[in-house]
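2 protein chains.
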Amino acid sequence: MEQILKDYIDLIDKKLDEFIEVKYPNSIFNSMKYTVTLPGKRLRPIICLEICRALNGDVESAIPTACAIEMLHAQTLIHDDLPCMDNDNFRRGKPTNHKIFGEAIATLAGDALLTFAPQIISKHSTNLSSDKILRILNEFFQYAGAYGVIAGQVVDIENEGKVDKKSKEENAKILEFLHTHKTSDLFKLAFKTGAIVADADDETINKLENLAEKFGYAFQISDDILDETSTFEELGKTIGKDKAAGKLTYTSLFGIDTAKCKVDCLVNECRGIIKEMNLKSSILDSLLNSIVKRSGLK
Amino acid sequence: MEQILKDYIDLIDKKLDEFIEVKYPNSIFNSMKYTVTLPGKRLRPIICLEICRALNGDVESAIPTACAIEMLHAQTLIHDDLPCMDNDNFRRGKPTNHKIFGEAIATLAGDALLTFAPQIISKHSTNLSSDKILRILNEFFQYAGAYGVIAGQVVDIENEGKVDKKSKEENAKILEFLHTHKTSDLFKLAFKTGAIVADADDETINKLENLAEKFGYAFQISDDILDETSTFEELGKTIGKDKAAGKLTYTSLFGIDTAKCKVDCLVNECRGIIKEMNLKSSILDSLLNSIVKRSGLK
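Those sequence lines, one after another, are chains A and B.
Just so we're aligned, residue 2 is where the first sequence starts under the working numbering, counting upward by one.
Just so we're aligned, residue 2 is where the second sequence starts under the working numbering, counting upward by one.
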């Protein structure tokens, strides 16, 4: 299992490095490459490739899309870390992009990734038809933009420090919106595009969207738990910042025990969907197990 | 002439307003809409529609692309005006986006436009084939990203205050890169995509790219001249900021007389290309005349 995961990560890392060629003006490409190639779990691209494989698609054909999703993920990290947003100094154990390249270049590197990523899909998906590429791009635009991950970031920012002024029900509703858009949307993009490359039917794609929603929730809540129980050395980013900034998290709203329970419940729902869909994937099993483990459940 | 231009602007303004529907979370859509719908010359979308018309294409089919280019233009304005970039307080006579919505939302609105604009092309170009939409999107990605307008902005920022440390030849070379990418690239996008919608052949598209390059130069130099000779009331933005910031401009490098000469020369070259291509367009003539006029040549 470890080896299959490692092989995926090696493949993705190699292609990410290849896709971002440093040209004049070098700083922008170096800045893009810096955050994109920081060692990470590569969850989203792995899911894209693995769903494609599990649905008998050609994994090779999904590589540009998988890498584009990781680039989009890096874009959200670069801009979320900016001083005008979360003002973070560390990410994945290294200084954040603007700490190395300055705010202007970091802003522009994030901008550049937003069109570079879909360009990679369009340029390198040579085995896919125009119709299929366009379908993938449409999913990308939907989840990358104001209807997707950006909507989540906006609501996150606008609710900072307002948790105490709202009822638990109101906060729970906002939290659901945050989880859906800030986290699940990029997982939806990964699950769905992997399936599109594999020529899956609409029913399958809808089920995967539902699976991605729950997977994203579980992952985000496990992240909130980790933020309370880990150290900087373990996570590579500033710990407890969400709490200090008065941000809404699952653990702050419901407590750590309920959070663990919720992760357990969501992971079981995910397993149920996977079983019902008859998806044979030891990788998905392993990813769900790691969510259970990082939540301190086992 | 005035009436045809006004009809184009009215059509574009109406569609820009329609395309950006305000939904929850409202602030992001309001912020996008604010800068996109600020009254402007709408040069780039007009060119896209007019080239399509002059090449006997269906103008209606070019509207989503034309509006997407204006959205991209607005995106560059929002991010260029940010405190970490040019730190401008006024644009088109109104407070800049971050002055109204704050830096975080302005940054996210720019981000959102980068995927919203191509999404408009993909979603609303219902009369175009997938192949043609993909071709337009590829042009969009090329000129919007790190190979295009962003490369220009990077070089602009990195050369701020360094003009005196370089030879005139070095500065002239940098200036050419700036004009090509910061200005001409969006015009190339407009000229070329208008032609793609109209099913133009590659030779025509190449000639239009060359025309756009010269048109962009002429327009940018006339802008530099205006920046030296106008008032805030006339331009709606802070005057003389480029000079104060030690930025490289055509006028600062070559003086205003040479700048006027250069505009005259470039406009004549544009007229030559238009004539050679047998493009019948009173709109293009009129746009070139206005560049001549704003440069104080006539």
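Because the hints were derived from the structure by calculation, they are not lab data.
It is possible that some hints are incorrect.
Put simply, identical chains are the same to the list, so a pair is met inside one copy or across any two.
[To be verified] Heads up, simulated SDA-like pairs for lysine to any residue below, C-alpha to C-alpha not over 25 Å straight-line:
(1) LYS7 / ARG295
(2) LYS242 / ILE5
(3) LYS133 / ASP200
(4) LYS167 / GLU19
To see whether the hints hold, each was checked on the structure:
In this assembly of identical chains, LYS7 and ARG295 lie within 25 Å of each other by CA distance solely inside one copy; the values are 19 Å within and 61 Å between copies. Proximity of LYS242 and ILE5 under a CA criterion of 25 Å is satisfied in neither setting, with 34 Å inside one chain copy and 56 Å between copies. Taking the closest pair of Cα atoms, LYS133 and ASP200 come within 25 Å of each other both inside a single copy (9 Å) and across two copies (22 Å). Taking identical chains as interchangeable, the C-alpha atoms of LYS167 and GLU19 are never at most 25 Å apart, the minima being 48 Å within one chain and 34 Å between chains.
Of the numbered hints stated above, those contradicted by the structure are hints 2, 4, listed in ascending order.
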